[in-house]
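Protein chains in written order, with my numbering: chain F, 1 to 443; chain P, 1001 to 1113; chain E, 2001 to 2582.
Treat the hints as calculated values from the structure; they're not laboratory data. In this text the structure is predicted, and so the values were computed from the model without any measurement. Incorrect hints may appear among the rest.
The calculated label-pair distances, taken between Cβ atoms and stated as ranges, are [what the hints assert, rightly or not]:
(1) F:Asp92 to E:Arg2151: 30 to 38 angstroms
(2) F:Ala143 to E:Thr2410: 39 to 47 angstroms
(3) E:His2007 to P:Asn1006: 20 to 28 angstroms
(4) F:Ala143 to E:Thr2002: 53 to 61 angstroms
(5) E:Glu2482 to F:Asp53: 24 to 32 angstroms
(6) P:Arg1037 to F:Val300: 21 to 29 angstroms
(7) P:Trp1035 to E:Lys2005: 52 to 60 angstroms
(8) F:Tyr26 to P:Phe1045: 52 to 60 angstroms
(9) E:Arg2302 to F:Ala34: 53 to 61 angstroms
(10) E:Ala2425 to F:Asp92: 50 to 58 angstroms
To give an idea of the chain F side of the interface with chain E (calculated C-beta under 10 angstroms), a few residues [to be verified]:
(11) Tyr26
(12) Arg50
(13) Pro141
(14) Arg191
(15) Pro334
(16) Lys399
(17) Ile401
Cβ atoms here follow ideal geometry from the backbone N, Cα and C, with glycine treated the same way.
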Amino acid sequence: MATSAHQRRVIQVFRYDPTRGGDGHYDRFEMDVAHPNSTTMLDILIRIQREQDPSVAFRYACRVNMCGSCGMVINGREGLACKTNVCDLPPDRDITLRPLNHFPVVKDLVVDMTPFFKKYEDAMPFFSPRTIEPEPAVIPPDARERQDIGLATECIQCGCCVSSCSMVNYHDGYAGPAALNRAFTLLADSREGRNAERLRAVLQSCYNCRTEFNCTEVCPKELSPTRAIKYIQRLALKHLGELSRPAGMTNATEEPAPPVAVVPFEPVLQHAGCVAGACSVAAAGGLPDDPSRRQFFRRVIMGIGAASALGVGGLLATAAVGPTLTKTPGRWIPISPMDDLAPAQVSTVTMRYEVTSGFHKETVVKPVMICRRADVNNMVVFNTTCTHLGCTVRWDAGKNIYVCACHGGQFDHEGRVIAGPPPRPLDTYRFKVENGCLMVEVV
Amino acid sequence: MAHEVNLHYRPALQWGELDPNRRQSTPVGMWAWIWQRISAIAIVFLLGLHITLTYKPLVQFLLLTVVIFHAVLGLRVILLDFNLVNVKYQKALIAGLAVLGVVMVAIIWTGIY
Amino acid sequence: MTIEKIHADVLIIGMGGAGQLAALNAFDADPSLKILIVCKALKGKGGCTRMVQGGFNAVLNDDDSHEMHLMDTLKGGQYINDQDLAKTLVEQATPTIKEMETLYGCFFDRNPNGTIHQKAFAGQSFDRTVHKGDLTGIEIISRTTEQIMKRRIPVLEEHRALDLLTDAQGRQVVGALLLNMRNGAFVQVQARATLVATGGGPTQYRFHAPGPEKSVDGLGMLYRSGVRMRDMEMVQFHPTGMIIPGSVVAGALLEEGLRGCGAYMLNGNGERFMANYDPARMERTTRDVMSRSSYLEMQAGRACAEGGVHIVAAHLGPEFVEKNFPGMAARCRQFKYDLARGKVPVSPTAHYVMGGAQIDKDCHTTLERLFVAGEDAGGVHGANRLGGNGVCDSCVFGRQAGKSIARFLTAERGAVPHPDAARVAELCARYERPLERSSGERVFVLRDQIRETNWNKVGVTRREQDLSEAIAEFEAIAEACETVSVEGHAAYNMPWQTYIDLLNMIDVSRMVATSAQERKEQRGAHFRIDYPEQNDEQYLFNVTLTRGADGRPAIVRQPVAFVHKSLAECQQYSKRPPKVNK
């Protein structure tokens, strides 16, 4: 045996006394652990009970990972006390033991599992044979259904998955990972007779799964309820027609469903990708392509389309129309003292101003061209933005024209188009002169 | 001897309640889910910015990054939903898609701008 | 103090394989019956059926026969089985296992052609053990528990039965006194028929294979109710219970199949000691011989450092071990042993009680309205149980009991007498006494004492003087029990539950030791150092007992009835060479 070093550990145990009530608290215990490699959390609790505080309560039965009684939250992660050894937990940290989430606490680490079994039963976890056969079914171990089911029937109902699931508590109707895992093993089982009813019962639940894999991460038997849930979702896709037909052929009694209502459920799990036989249910003889099914499809697709169009359209429209609706009055921005502008010349001056749009504020820096003629009052302030595609236009003093470098647009000194693609003359700004300073109106 | 028979069960502990260790042991799949929701909200926010402020490189880069981040996480769910990737590779899938996302951001950003 | 009173048609105590199959079969025979299941753990989580690894012996192959299964069982039991019960076991195992598949939805491992696979187990002339990997029990108990849910049969979880309630004359059982372990309240159930199916679970030994929540409760309460018990000296020790320092998991099994495949057992000196005990079969010998040999090596000072002997499977090839024994390899790995490459320290570990209430094949006992099935009943396995016959016994006789109870209640129309209120009050007061004492003996210390005494003196090997001393020690422990003090409130009070466990352990230990004194020979699991030979001249009888007026067992010897197979046939069959696998 690999010898392991002796450790002194601090264990924080959640305590709740049902005779006193309250919220509960943690009690701190310290202990020398001589064999961290072979001492489980269960041993730690038993030692606390024997050596330090006999009143500490916890639940266990088989102590070899087979019964699922000792599920608890160990250092923030669900696990079986009998399957978690001291050496599995970092030696520099306290060990924190806490009851499972989502179940009422009876005392200390003991929880009331009634909600678990309630949800488990809701998923119809019990076998109901299609027909009562005298002999066990002949099913080779490599049959598709058995490959699909795999080890998923080895669930020990410890409740760790339900505790780790962040969704199960927000949806009363959510059967939870363990129940859906069991439902899956029956849905995949060709011997089972009440699968149409079962699929109806659990399908809603499956859409509460957010693919977080918490259940898969914590499962002490290394099963994947997530895989089971996805399987059921895909199975439902293949049987939409049946699901949209009214239920009500069987009620919750012990009789198996009448054989007529049974459509063989094709396993859908194994392939990755849409291989032959799995895509075309109708061709495989599973389901007729009936009108109600098509109608259902059409409605779903139209619904989704309408919703997305509405959403995206609404967003774009608001963003596009919004700014124009709020008509802000023009602002007068000082550009330059009149004295700095030489007469009978075109001056390019950079203007700066701040624009506030909603919560956003920015400084606009933009050149304007001021064409001051001989007569002081005869003046034009051009916008330098080309009316073609928005490049910046500059004054070519040699040729006496405004030129856009991008696509060769040219404007004469009045701003009229004389060459190139621009569709209209250069834009101009309104302006005024106040106290000898040129002001331009921007919106 | 008289002992109370009606005891009070404590209402169920909620996810993470009174649990100092929960956050550090949150699995990667749950982070993927949380971050996809956060990125969805960020997209709406950045899309508004993008439309009101045209040609702001920072906004555009952020929007591109967040959209791609959101998209690869959505791709993850699609791949898992339709069993195009086996669920047992879900962790590797997240890592792979993260790399794919970074590559896409780099290509789009350097190639188009 | 008023206590809750419940009326039921059928009260089933225990929710392992026997209890569940009884409930299902009684319900299916008559759905109007008011059935109540009482279970010490959570729904379907208690009991040893869940812990079954190996499998379920049943004749399914045309080349096999009930005759062969019966002879194997009788040979294993060293001829002192109740032949009627053994015959029922092998004959009903076949339909029982088929119903498991066709009615309850179990799916056992298959052959490549799709028929049920059956593996080889020690002591059998044919490969007839039906299994599901090395976790057969989980498959069986999970599926039947779901069937209980389907039929909406009520289950009282975490309620333990304390004692059976009888009428004033002590001739019929009219129900049971229960304890709600969660809130500490007593519950009285009055029932037209009561089935005790708690399972045994000899956890009164230092090393024990069953989970520690089992505590021979059923055997204790049956004894106290005055039922005739039999073969109580026969306690099976499994040779390969892991030694795990500092852990309650110590004693948990490594599968017998390891030895079957050729694993070696080495003593502290690294020698294959079986050469000195059974050179013909070496490690492939039966459980009783193997356990005894290991124990004698340990006693002789040739134990390994951990205090046991080593099992070594490395020479079989690490890949082979990992592939064929994944569950066992994982169990070793959890405790940092390497089954595939290294050696694992093991010790014999208390595993199964062959003895129990004397029943007929319809599970009737010597008291009216009382039925017993599973490990609480004795006689099916005689002096030693074959691997794979245990879960078979629970399921077959659970099924028998369910059908038999339904028949009994159809025929029986009389009113059930009321339990004696004064007796109930007296019992309640007695069980509560430790909670009222402010100081006294500590229950865990006493439980450790009884485990040590049993292990050292009534264990794998026994001798007259040790047995006498043990009985005296049990009396001392019983006396100390009268002064035990338990702190705290009754709600989910685990030391208090341990106290009640201990009361049952004391009664069962008394029965085992007293019966062991009676049998001065070696037979099956019972080995007397002072009488080391099997003696078919004088000891072909069953040790039966009832609780005497003084509380001690009153023994009566009953000769074995060779009703189906004669002694000569059995002895002849035993001489056949053992089937060697591979």
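Results of checking the hints against the structure:
1. F:Asp92 to E:Arg2151: 30 to 38 angstroms: Given range 30 to 38 angstroms: violated, Cβ gap about 52 angstroms.
2. F:Ala143 to E:Thr2410: 39 to 47 angstroms: Hint holds: Cβ distance 42 angstroms, inside 39 to 47 angstroms.
3. E:His2007 to P:Asn1006: 20 to 28 angstroms: Distance hint for His2007 of chain E, Asn1006 of chain P holds at roughly 22 angstroms.
4. F:Ala143 to E:Thr2002: 53 to 61 angstroms: holds, 58 angstroms
5. E:Glu2482 to F:Asp53: 24 to 32 angstroms: The hint (24 to 32 angstroms, Cβ to Cβ) holds, given that Glu2482 of chain E and Asp53 of chain F are roughly 25 angstroms apart.
6. P:Arg1037 to F:Val300: 21 to 29 angstroms: holds, 24 angstroms
7. P:Trp1035 to E:Lys2005: 52 to 60 angstroms: Taking Cβ atoms as reference, Trp1035 of chain P and Lys2005 of chain E lie about 58 angstroms apart, which means the hint holds.
8. F:Tyr26 to P:Phe1045: 52 to 60 angstroms: Given about 40 angstroms between the Cβ atoms, the range is violated.
9. E:Arg2302 to F:Ala34: 53 to 61 angstroms: violated, 25 angstroms
10. E:Ala2425 to F:Asp92: 50 to 58 angstroms: Cβ of Ala2425 of chain E to Cβ of Asp92 of chain F: about 56 angstroms, so the range 50 to 58 angstroms holds.
11. Tyr26: Cβ of Tyr26 of chain F sits 18 angstroms from chain E, so the hint is violated.
12. Arg50: holds, 5 angstroms
13. Pro141: Given a least distance of 4 angstroms, the restraint on Pro141 of chain F holds.
14. Arg191: holds, 7 angstroms
15. Pro334: With Cβ-Cβ at 81 angstroms, over 10 angstroms, it is violated.
16. Lys399: Violated: closest Cβ of chain E sits about 88 angstroms from Lys399 of chain F, beyond 10 angstroms.
17. Ile401: Violated: closest Cβ of chain E sits about 87 angstroms from Ile401 of chain F, beyond 10 angstroms.
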